[in-house]
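Sequences listed follow chains V and H, in order. When you line the first sequence up against our numbering, it's residues 994 to 1086, in that order. When you line the second sequence up against our numbering, it's residues 15 to 206, in that order.
Just so you know, the hints here were simulated from the structure itself, not pulled from any lab data. Keep in mind that a hint or two might mislead.
[Stated by the list, open to error] For each label pair, taking beta carbons as the anchor points, the in silico distance ranges come out as:
id	chain 1	residue 1	chain 2	residue 2	range
1	H	VAL106	V	PRO1014	49 to 55 Å
2	H	THR68	V	ALA1044	38 to 44 Å
3	V	PRO1014	H	LEU25	22 to 28 Å
4	H	THR42	V	ALA1011	43 to 49 Å
[What the hints assert, rightly or not] Keeping only pairs whose Cα atoms sit at most 20 Å apart, straight-line, the calculated DMTMM-like set for lysine to aspartate or glutamate is:
id	chain 1	residue 1	chain 2	residue 2
5	H	LYS82	H	ASP168
6	H	LYS159	V	GLU1063
7	H	LYS159	V	GLU1084
8	H	LYS36	H	GLU46
9	H	LYS159	V	GLU1010
10	H	LYS31	H	ASP41
It should be emphasised that the depicted structure is a prediction, and the values quoted were computed from it without experimental measurement. Quick reminder that beta carbons are idealized off the backbone N, C-alpha and C, glycines included.
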Amino acid sequence: MNFAPGDAVIVKNDWPEAHGPVHIRTPHYLRGHKGRVVRRLGAFRNPEDLAFARPAATRALYHVAFPMRELWPEGGETDDVVVEIYEHWLERP
Amino acid sequence: MNVLEADGEALLAALRKLLAEKQIVTDTELTERMAATDNASPGQGAKMVARAWTDPAYRALMLEDGAKAAEAMNIPMRGMPPLGVLENTDSVHHLIVCTLCSCYPRAVLGYPPFWYKSAAYRARAVRDPRGLLAEFRTRLPETVKIHVVDSTADYRWMVLPKRPAGTDDWTPEQLTAIVREGDMVGVTIPSI
């Protein structure tokens, strides 16, 4: 899926680690949360497959900003967490 | 025999021999990379920052492509992850963390400080950045928005701090001397 800067996104509420060994670059505290695409960082071979020496497709990587208040009940109102997220973890709200 | 119980030195020698035999990496390349890793230090990043403060074209290059800016200062970047540089301004302050492990812009800053890898730093940076900064004696006005950058994937991130007031007539060498490791991670801000 293609995203542009400014697009609203949701990180998939998916927990593949519950079903066996995995390598994931999507921190748990972001899953199911809403953010906004800041920039496209390029495309890289999917580390989830590279980690197991499997054939790895190239995936777009996005910088996504999450308001602190969206993530934590006591989060600062003005502050953001900005995280690199692969395209296959992002959905449109 | 279990690989975890093997003699480390013998295992390393065997691995290097295999890498060479399979033409994956030569012994010379390995030695070069080890030297580059050991030579990297916050002093390199500080030189980049001082030049960005005094050379607008270099600042633009650094914000566009950190790896190219590093190479322009003779810092070896071949085979390294892309380097992104984020600029602190009057309205935005960046703080770098890696919650998943300890991703750090080693090519330009060297080995990470011990606290960068600690569970406490990693957990608190994304949840209570202002409290964490206060422990580094860094206080930001409420009007400054904090962007905590969680370095999770294929990029490495470095902060271009704000140039302190009162340094207008300073040389790049004088400026380099006041830029500390923490300033380029965002836990501290340069001061004179």
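Hint-by-hint comparison with the structure:
no.: 1; hint: H:VAL106 <-> V:PRO1014: 49 to 55 Å; verdict: 39 Å, violated
no.: 2; hint: H:THR68 <-> V:ALA1044: 38 to 44 Å; verdict: 42 Å, holds
no.: 3; hint: V:PRO1014 <-> H:LEU25: 22 to 28 Å; verdict: 23 Å, holds
no.: 4; hint: H:THR42 <-> V:ALA1011: 43 to 49 Å; verdict: 45 Å, holds
no.: 5; hint: H:LYS82 <-> H:ASP168; verdict: 16 Å, holds
no.: 6; hint: H:LYS159 <-> V:GLU1063; verdict: 15 Å, holds
no.: 7; hint: H:LYS159 <-> V:GLU1084; verdict: 26 Å, violated
no.: 8; hint: H:LYS36 <-> H:GLU46; verdict: 19 Å, holds
no.: 9; hint: H:LYS159 <-> V:GLU1010; verdict: 34 Å, violated
no.: 10; hint: H:LYS31 <-> H:ASP41; verdict: 8 Å, holds
Hint compliance for this structure: hints 1, 7 and 9 are not met, and every other hint is.
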